Structures are given as C-alpha cells and as structure tokens.
Amino acid sequence: MGIGVSMKRVDAYEKVTGRAKYTDDLAPKDALVAVVVRSTIANGLIKSFDMSEAEKVPGVVKIFTCFDVPQIKFPTPGHPWSTDISHQDVSDRMLLNRRVRIYGDDIAAVVAQDRIAADKAARLVKVEYEEYPVYTRMEDSMADGAVLNFEEYKENILKKTCFKNEGASFDDAAKEDGIVVVEGLYDTQTVQHCHIEPPVSFAYMANGKIVVVSSTQIPHIVRRVCGQALGIPWGKVRVIKPYIGGGFGNKQEVLYEPLNAWLTSQLGGRAVKLELTREETFAFTRVRHAMQISLKTAVRKDGQLVARKCTLYSNQGGYASHGHAIVMNATSIQRMLYHDEKAIEQEACTVFTNISTGGAMRGYGIPQGIFALESHMDDVALKIGMDPIEFRKKNHMQNGFKDPGTGIPCHSIGLAECIEKGKKYIKWDEKRKAYANRTGDIRYGVGMAIFCYKSCVAPIALETASCRIVLNQDGSVQVQMGATEIGQGIDTAYTQMAAETLGISADNVYVISTQDTDVTPFDPAAYASRQAYISGTALKQTAEIFVEKVLAFASKMLDKPCDTLLIKNNSIVDKNSGDILLSMENLAMEAFYSLTDSVHITAESTYHSTDNTYSFGACFVEIEIDIPVGKIKVLDIINVHDSGVLINPALAEAQVHGGMSMSLGFGLSEQLLFDGKARPLNNNLLDYKLPTSVDTPELAVDFVETVDPTGPYGNKALGETPALPSAPAIRNALLYATGVAVNSLPMNPQKLVEHFKAAGIICKDGGK
Amino acid sequence: MKIINMIVNEKPVEVAIDERESLADTLRDRLYLTSVKKGCEVGECGACTVLIDGEAIDSCIYLAVWAAGKRILTVEGITKPNGELDPIQQAFVDECAVQCGFCTPGLIMTAVEIVGSGRKYTRDEIRRLISGHLCRCTGYQNIINAIERVVEETHKVVSK
Amino acid sequence: MYDIKSIYEAKSVDDAIKALSGDPKAVVICGGSDVLIKIREGKLSGASLVSINGLEELKGVSLDEDGTIVILPATTFSKVTGSKIIEKYIPALGFAADQAGGPQLRHVGTIGGNVCNGVTSADTASTLLTLNAELEITGPNGKRSVKLEDFYEGPGKVKLSHGELLTAIKIKKPDYEGFDGCYIKYAMRNAMDIATLGCAVHVKFDGSKTKIDELRLAFGVAAPTPIRCYKAEAVLKGRTVSEALGEIGSLALLEVNPRTSWRASKEFREQLVRELSGRALKEAAAKAGGVSS
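Going down the list, the sequences are from chains A, B and C. Here this note's numbering is used: the first residue of the first sequence is 1, the next is one more, and so on. Here this note's numbering is used: the first residue of the second sequence is 1001, the next is one more, and so on. Here this note's numbering is used: the first residue of the third sequence is 2001, the next is one more, and so on.
It is worth saying that the hints were derived from the structure and are not from the lab. Do not rely on the hints blindly, as some may be mistaken.
[Claimed, not checked] Computed footprint of chain C on chain A, listed as stretches where at least three residues anywhere in the stretch have a Cβ under 8 Å from a Cβ of chain C:
| id | segment |
| --- | --- |
| 1 | 112-125 |
| 2 | 372-380 |
[To be verified] 25 Å max Cα-Cα, derived DSS-like pairs, lysine-lysine:
| id | chain 1 | residue 1 | chain 2 | residue 2 |
| --- | --- | --- | --- | --- |
| 3 | C | Lys2011 | B | Lys1002 |
| 4 | A | Lys631 | C | Lys2025 |
| 5 | A | Lys8 | B | Lys1080 |
| 6 | A | Lys8 | A | Lys175 |
| 7 | C | Lys2005 | A | Lys56 |
| 8 | C | Lys2011 | B | Lys1070 |
| 9 | C | Lys2159 | C | Lys2143 |
| 10 | C | Lys2038 | A | Lys677 |
| 11 | C | Lys2211 | C | Lys2170 |
| 12 | A | Lys633 | C | Lys2157 |
| 13 | A | Lys433 | A | Lys633 |
| 14 | A | Lys29 | B | Lys1002 |
| 15 | C | Lys2266 | C | Lys2287 |
| 16 | C | Lys2059 | B | Lys1070 |
| 17 | C | Lys2266 | A | Lys677 |
| 18 | A | Lys633 | A | Lys423 |
| 19 | C | Lys2011 | A | Lys56 |
| 20 | C | Lys2266 | A | Lys62 |
| 21 | B | Lys1011 | A | Lys29 |
| 22 | C | Lys2043 | A | Lys126 |
| 23 | B | Lys1002 | C | Lys2005 |
| 24 | C | Lys2157 | C | Lys2043 |
| 25 | B | Lys1002 | C | Lys2025 |
| 26 | B | Lys1011 | A | Lys21 |
| 27 | C | Lys2266 | A | Lys757 |
| 28 | C | Lys2025 | A | Lys56 |
| 29 | C | Lys2172 | C | Lys2237 |
| 30 | B | Lys1120 | C | Lys2237 |
| 31 | C | Lys2038 | B | Lys1002 |
| 32 | A | Lys751 | C | Lys2266 |
| 33 | C | Lys2211 | C | Lys2266 |
| 34 | A | Lys631 | C | Lys2266 |
| 35 | A | Lys677 | C | Lys2011 |
| 36 | A | Lys633 | C | Lys2266 |
| 37 | C | Lys2025 | C | Lys2043 |
| 38 | C | Lys2018 | B | Lys1002 |
| 39 | A | Lys159 | A | Lys73 |
Predicted model only: the values in this text are computed from it and were never measured. Note that the Cβ used here is the ideal one computed from N, Cα and C, for glycine as well.
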C-alpha cells in the first residue's frame, strides 16, 4: 500500500486499546513532583522570598528560586536555530525569572514527594515585589513612559517592519478616477490550543546525561534549548518523545523541559516530574496572538484590486517567544493571496504587554490575517456590488506568482477548482438568491472565504530533515524519522511513502514513533505543515539510496546488472519481465549472515531545501441566525483543499475536520479573557468555550488534487490549513444574512446582540 | 491507607489506597491502567471516563473509596484476551476516529455505555451522549461516525 | 489526589448527622462534582469530609399516596431524568436535570447538591421553583420543612445549619397537576456549560384552554439566587397566550436583577430575560394544549 490509499493508522491499535504510552504513563511512580511557584502580579520585580512556612510542609524536598538558577538567558521557540546571530531567536528568560512580565510568571519551583505537598508549599511561598503598572492593551504598553518589559525594546515594541512594492504608492494609486476606497478594522482575540494532554515532562540523570522525557513536538530542539539554558554541552542532554496528546504549536516551544532538566541535576539525578494543570496550561504556556488589523483597499468598479495598505499590530504578551515571525505571516498572506495592480504597503508591529505570551498555534498568524483579509474582501465586493466569488476569482493568486517579499513561488494551484466545488456544494447562487433581503428574527446566510498557505519555512528559515532506513532479517525495514507524530497521522503517511518508494509492503515498514535524540536522525520536527513535504522528501531520498544498496547486493547475488532489477511486493523482480527473482527476506538473510560478504544494509540522508510551495482552499458555509438571542447555527459547512496529492485521503479528511472545528471555535466562541491586572479569568475548560460535540456541525470535506512538482509525491501542506477559513466564511454569511459586519472575534452571542442593537435590528429596549 | 475491593475489568481486585485518591489515581498508579487519561482533573474534558456499574463517569472527580464493591470497566477491559478488538474499538480504527489518541479511551468507554443500552440512537442523540468529552483533533465527526456504525450494527443484531 | 484531611463514609442519615455534629468543620460530600473541585481549587483544601455518597436511603423518586412527588436528594441528574414518575408528571424537571454539565457529570451530580450549593445558575432550581418545591431538612433535632425559595439566602448560600442534611425534595399534587412546563437553558455552549440565563415556566389553562389559569415563571442567573416572578404571574393570570406573550418579557424585566460579570453583561442578560420568557411560555403553552387566539 503506497500513496493515495486510505490505510488504517499505524498507531490506531495502540491508541484504542490504551496501550499507547504518553509521557505521564511512563513516569516512574517514585518520581519527585515539581510545581512552579507563580507570581501574583503581572509586571514587576522580585525583591525577596520568605520560605519559612513553605519549607515546613511535610514532604517538601527543596525549593528553588529565581536567585538560585544559572544566570543564563535562553530562547524558547521551536525554530530550527540559526548560526547567524542576527537571525537567532530572542533569549529573554531564565529558568526562573526575577523580573516578572506576566501574571503567573515562573519565579520559583517546589520539589516535593507528592503533588499535594508541592501545591501546599507553593501556596505558602511569600514574595515581596516591586510592582509596575500592568498593560493588557498594546496602546497602553506603547504609550510614553510605559514601563518596558525589556530595556532593549523601546516603546515595548519587539519589532516593526514595513513592506512596500516598487512602483506607485497607495495614495497615488487611489487618486485614479472613479476608484473606490474601502477601509476596515478587524480584530482577533486571544485563544489557546487546548490539546487534551497537558504539557508534561519528567527528567532524570543516567550515564552522565540528563534525560528528559517530554510531551513535545520538537525533541531535537528541546535538547538544544536545555543545553543552552543550563549552559552545558548539548550532547549531555537526551530527549525522548513518546506519543503526545496533541500539540497544535503549543508544544513547539521549550517551556518547562529546561527547568525540569535543571531540577534533576540539582537533586542528584533523581527523577522529577513536572506536569502543568489545565489552568496553568491555558495561561502560562502559549496562546494565539490577538491582533488588530487595519486594511485599506483601492478597487476599480469592475473589481480589479489596484492598491492596498495593511497595518497589523500583534499583542505579544510578556515574552518574545516566536516573536515577530507570526505577525509577519499574517502580513505576507495579504499580498500572497491577492495581487494588486499597482501598490501594496504594509506595516507590521509586535508589541509586548503583560498578558499571556503569544506563540505558535496551528496556522501561525494566518487565522488572524485571513479573518481580516477575507472579511475585508467581502466588504469590498459588497461596496462595488460584485459577487464575492467573482471578485475573488478576478484577483487571487495565479500559477507562476512569486511573492515579492519572501520569494516563495507558486508551483501548483487548484484554488479556482476548490472554489467551484465549494460553490456547487453549498448551492451558492440558489441560496444567495433565497436569502437576500430577508427580515424577521431568524435569518439565513451563505458565505465563503479562501486561503493559501506555505508548505514549510524555507527560504525564510532553515529547512532540513533526516531519515534513516534499516533492514531487518525478514526483509522488513525500520524507518527512523526525526519528524514527529503528534496526532496528525504522519507515521502512517511515512509508512505509505516508504512502501511506495521501497517496493516493500506497508506491513513490512515499521516507522519508529518514539524519537530519542541519542539515536533519532536530526529534524527540527512538527511545525509549519512541513513534515510530509520536507521530511517526506528526506524519506523518499533515503528510500532511493536504500533501494540502490539493496539492488547492488541483489545484483551480486543474482549476477544480473543492477539496472535490470527493482523491488516490488517485497521481492526483487526483473524490471522487464516482471519475474520474481528473489524475496527480500532471502536477500536480507544473505546480507546479514553471508560468510563472505555480510553487510547490514542501511541508508541515511539529509534533505536540505530552500524551496517552498503553496497550498490552497476555500470554505463555504450556510448559517441560521437567531437575532434576538444572538446565536449563530452553522447549518452546513465545507472545506475544499488543494494540498496537492493526498498521501492518505481518509486521514487527510480527518485532519481537515479537526481544523474546521478549531476555526469554528475561533470564529464563534473561544476567547481567553484577562482582567485589568492581566489575570486570566477563564483559564479552564468550563469557562473557555471550546466547542463540544453538540456545538459542532456536520463537517463536509473535499479535495482538489494538484500534483506539486516540488513535493516528494506531489503533496503540499495540509496540517494547518484546515484551521484557517471557517471564521471569516461565517462572518461573511452573517453579513449576508443581516447586513451587519462583525469585524471582531469571537462572534459570540453578547457581541452579536450588541451589534444588532447598534444596527437597529433589535431595538434598544429589546423589542423588535 | 485503606483496603478496598472492587471488580476491575471483570477481575476481583483488592487494593490498598490512600483515601485522598481519585479513582483515576488508583486505576493509573496502582493498577497501571494508563488508558485512563487526565486532561483537566475537574470533570470537564472526559479523558478519564470509565464505567462504574455500567455508567460512564469522570474518574478524576470520583473518590476511590466510593468504588468499593463496584464494577469498574476501562478500555483495557474491553480488548479481548487474545488482543482482538471490541467492535467499538474496531470502528474507531476503521472510521479514522483516532488522532492524537488522548481522548480516545474515554470516548470509547462512553460508546460502550451507549452501545450497551441496545437502543438505536439518531446522530443528534449520539452527539449529545458524547458531549462530555472534549476532542481538539477530530471535530467529533469520525467519532460520531464510528459510534453510529456500531450502534446500527448492534441494533441490527439485537432486533433480529 | 485531593488535599483531604479525612473522609468519613456515613452508614445512614443519622450517622451522617452525628458525624457532622461531632466535627464543626466537616463538609458534606455527595456526588463530589462541586466539593472535590473546591478542594482542588484550594477553597476547601484540607477538609474533613462526611460522605453520603453511598447512602441508598437518600436515592430515588417516589409518589406518595396523596400524590406528592418525593425526590430524594442523592438521586443523580440522570436518575431524575430517567425516573418514570418524573417523566410522567413533571417532565420539565427531567429535562432541566438533563441540561446540567455533560453525561458523565449527570451520572454523579445530584439534585440535592444542585439545590444545596445555592448557586443561581443551578439547572434544576428554576424549574423546582415553578413547582413550589418544598425541602425536608433533617438535623440533630429532627426534621423541618422549608419552601425552596425561602431556602436561598444569597449567592451560594442556603439556610442549612451545620449538622443538617437535605433529606427530601417534595412537590405536591396541586403544584404539578394540570401544569405543563418548559425550561430553557441559555448558555454559550450546548453542553458542558453553566447557564448564562435559565428560564422556567409552568402553566395551567382554564377548561376552555384559551385563558391562563395559573402561570409560574422563574429564572436562574437573573438575580443573585434563582427567583420567581410573582408579579408577572399575577398580571398574566386570565390572559390568553398571545396576550401573555406580548407582555411577559417586559413584566419579567421588572422583577429580575441580573448583574454584569465577565461572563455576560447585565444588558445582555436582560435581553435574554425578555426574549426567553416568551419562548418558554410559548413552548409550555403548546405542551399544555393552550389555544393561542
């Protein structure tokens, strides 16, 4: 079974039987328990601690504070690293921080015999602070005289960048006779990943190394950051990644593994477990950045985009994390998805505040950017009286496009077909007609949105991936990938890729799911929708080397030229006649145990890439809106994706379902709230409105399979793209149903009722 | 410590527990039934769902002392001794209802309760019956497909 | 693992009352879905618990000879909903109980706990108010009876002295016979949520089915505790459904007192009061076969 087959997940049996081991399932039962002591202010400096009460709690082993840890600053984001200092991530924190920048900052750690003792002691730690003003809003943290999170970042601006194409300016272009200018301000909220397994690691020392077992997307990066944070050689750290219960980007950051590694090193190498609670996970790991995006568009009445101006502000929260990269993504999407005839001017700014730190989350800035862009495109279409689909078709990316900012080219595009399929599915023309100019309490609308997405991080950052393939005596193989399974199904995709290129059946391909940095080949791992595209190429390339070695051995055994042979169905066959000449098993036995010529056939290679390609898609949605109580019900929704060739159609569809649900939550209900002191208000699964099964509609999925020339099997990004378009599609359907433009997320009932009152659909006194 | 007796996965078990333990703690840490996952510890995510006397409950907010004398079923208990899957587990595999797998054992246990009733449910009813489980990977679509399939197959058999 | 000092598993109601009386700091635990969470939050950490979880004598729903429905407090939400008696005589309460939390929680959470935790968002509370529920409280000095609406003292506070237990919830025949009801839980999600507003209606029509003989309207989260709207009820007595539908929203607004919190604004909750009271009446009236002229 190779490419294009819906084979069952290779890890499904383990997972449905409960045998799949996740980090906490592997933790030694006698591990000490570490709990992080958190600041009760959001901005300030620790003056002193009083541990007298905390230390008395029975079971407490030791309490460490920010004054005890190595005075080394380190970066946390899961980027591949850069040897060029100017491109390195910001080193902005220590294992424990004296300078507090968010509410709940890590200021001390209690290690105890059990969780109850650790929690009790943590509550009894007394702290004296020097308090600074707290900023939750960007305009306040940027204001004159505001206290800086970091002295080196003036006005609390982490970075500000501008992009402008050559040629006319926006203002010049907008002077054209008869041109229409449309402006809009769109804002998105703070949301959280909500992987069901909380972040957890345990660490111990063995054979002179610190071993960290962690629920991470990026084991090799965890090793690097632990080495950096502790100031020890990176080879002294060994990171093991078992099955993980979801990550969505939150586990693409190295947050607590370094502290865990250091704690064990301070306790004679005893195992120490550090698991966050759900409440901590919400507020003290990473969130999706809230952004304010203003867009201004000059358009001709025939629908031709002439010029645009985009200004994006991203609320970074307390720490730099992935920093400016995320708002840059939200910015570049504006010019990638649509082309302007004359001018595009963009400004992007990342601003520190004291709310939870923004980091990577599925879509990496694009959900925010697409919400603004696709809402705005409907506003523009409405203004010039054009069907939103026709308007988009006139202006969206075409094959051969090359982004002037990043240089990323379009190698394949099925966007127009995606739009056609979605339009047909939702019965666009019929329903737009039926739902036009409705009145009354219950109204209906259809809306849509499109998107594009990069398939890896090149050429902006390093793209490298490695693979090792090892022969077994029975002719089966192990495939070792540095790329990680995080629930998306990549191990199954790799099994199929290996089967395809090796000529060995999928049941004879064993993809090793656990990464261990001491033995696993290097790969920065799961992020940027890159693993099927980039690491898949590493696998293909390695498989080809492996095949060459096998055939060379077969050639000797059979005394036939290499180029007349190939591997098919676990056998060496004659290329021309198709005759089976030798089984893989017999070949392997001879290779392993030959008295004259023994060899363990293995292959290993690294794939380095500076190329990239775009995935595309469209979402179409039909909604019902109950105006007096502000409730949107999604009646029908479809995502149509062009992710190139599908490795496993059934798993691809499943991946899309999850993304759609995430985008629905982003659009309708999810929001992490903070009070004026930047304290989280709803950091639990009851008060944070993650959609349940009864809040999720039936999810329809379709694909357009282009063959991308740069993908190993014609495939392109799919991991993140499903999470992009639902929110703006719903917003546009709501606009059609009610004439009310809701430019702020989430579109929750209270907000909708406020908008409807302002628009006069609900009278101010509530009557109709 | 207190000794309690219960029937776990159809076997009588005598186990010494700390009275402060939740049933999830006991099942995971003393009986090594690590299919019982903890995602929130306050009964909101459903990952720790097990059956007690046939009813699905969140074992994280159920004290172990209360389980004395009760029949507990976890996903380890529905896999046949030869490793063969229960039809519900098989449906989860076949319908691609599993992604990261962390919510899976809990959801399967609720499905066991649903299917065990022998009743036929509509898709909407199934949606409602699994609404005490949060899943971030699947959008619930394939999970509902899997349960619907088993409900239908079981109903066919029962109604024959 | 919970930070519990001790747990005593009571053998009977009397035993539980004795245990409580012997320890002025002891906390009663039944289903556990409230108390355990408070322990974990630190609000009740280190507590001594008296568990009535296993007491069969506090479970079940029965019908007295005089037609009084007796719901024992340790009956879980799912058992309330599943009770044939509830289904036959007061289905609106069964529906309301089925709105709490999610399926697993409804297998452990109890109706008694829902009443005794005193929160305004309790899903069964507003419906119980429209049924004029009476509570039987048992203490060291015997039993006393209190009307549910008098039981509420303030947000999260009920008139239950230390050593007392809720031992029965009673609904008399005249309070349910001939009535049909509806509960609307309005929340941000359709499951696993606490009500932004809860609205309960029970209604009875005159013989011609055209005029409202008696209407009972109650809300959760529209005030610090669940409340009845007696004035609105009085005004609407004798009205037709369509007349009542035109007035009920604005009448209800005169009696409620919702507050602004980060969960929802006062204005939004008022909008819901206005809108949902009519919807609940409409649905209850439809069940009652009320003719809207």
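Results of checking the hints against the structure:
no.	hint	verdict
1	112-125	holds (count 6)
2	372-380	violated (count 0)
3	C/Lys2011 to B/Lys1002	holds (17 Å)
4	A/Lys631 to C/Lys2025	violated (45 Å)
5	A/Lys8 to B/Lys1080	holds (20 Å)
6	A/Lys8 to A/Lys175	violated (59 Å)
7	C/Lys2005 to A/Lys56	holds (17 Å)
8	C/Lys2011 to B/Lys1070	holds (17 Å)
9	C/Lys2159 to C/Lys2143	holds (14 Å)
10	C/Lys2038 to A/Lys677	holds (24 Å)
11	C/Lys2211 to C/Lys2170	violated (28 Å)
12	A/Lys633 to C/Lys2157	violated (37 Å)
13	A/Lys433 to A/Lys633	holds (20 Å)
14	A/Lys29 to B/Lys1002	holds (19 Å)
15	C/Lys2266 to C/Lys2287	violated (31 Å)
16	C/Lys2059 to B/Lys1070	holds (17 Å)
17	C/Lys2266 to A/Lys677	holds (22 Å)
18	A/Lys633 to A/Lys423	holds (20 Å)
19	C/Lys2011 to A/Lys56	violated (37 Å)
20	C/Lys2266 to A/Lys62	violated (48 Å)
21	B/Lys1011 to A/Lys29	holds (23 Å)
22	C/Lys2043 to A/Lys126	holds (19 Å)
23	B/Lys1002 to C/Lys2005	holds (14 Å)
24	C/Lys2157 to C/Lys2043	holds (15 Å)
25	B/Lys1002 to C/Lys2025	holds (23 Å)
26	B/Lys1011 to A/Lys21	holds (23 Å)
27	C/Lys2266 to A/Lys757	holds (15 Å)
28	C/Lys2025 to A/Lys56	holds (24 Å)
29	C/Lys2172 to C/Lys2237	holds (21 Å)
30	B/Lys1120 to C/Lys2237	violated (43 Å)
31	C/Lys2038 to B/Lys1002	holds (24 Å)
32	A/Lys751 to C/Lys2266	holds (13 Å)
33	C/Lys2211 to C/Lys2266	violated (33 Å)
34	A/Lys631 to C/Lys2266	holds (18 Å)
35	A/Lys677 to C/Lys2011	violated (48 Å)
36	A/Lys633 to C/Lys2266	holds (24 Å)
37	C/Lys2025 to C/Lys2043	holds (13 Å)
38	C/Lys2018 to B/Lys1002	holds (23 Å)
39	A/Lys159 to A/Lys73	holds (19 Å)
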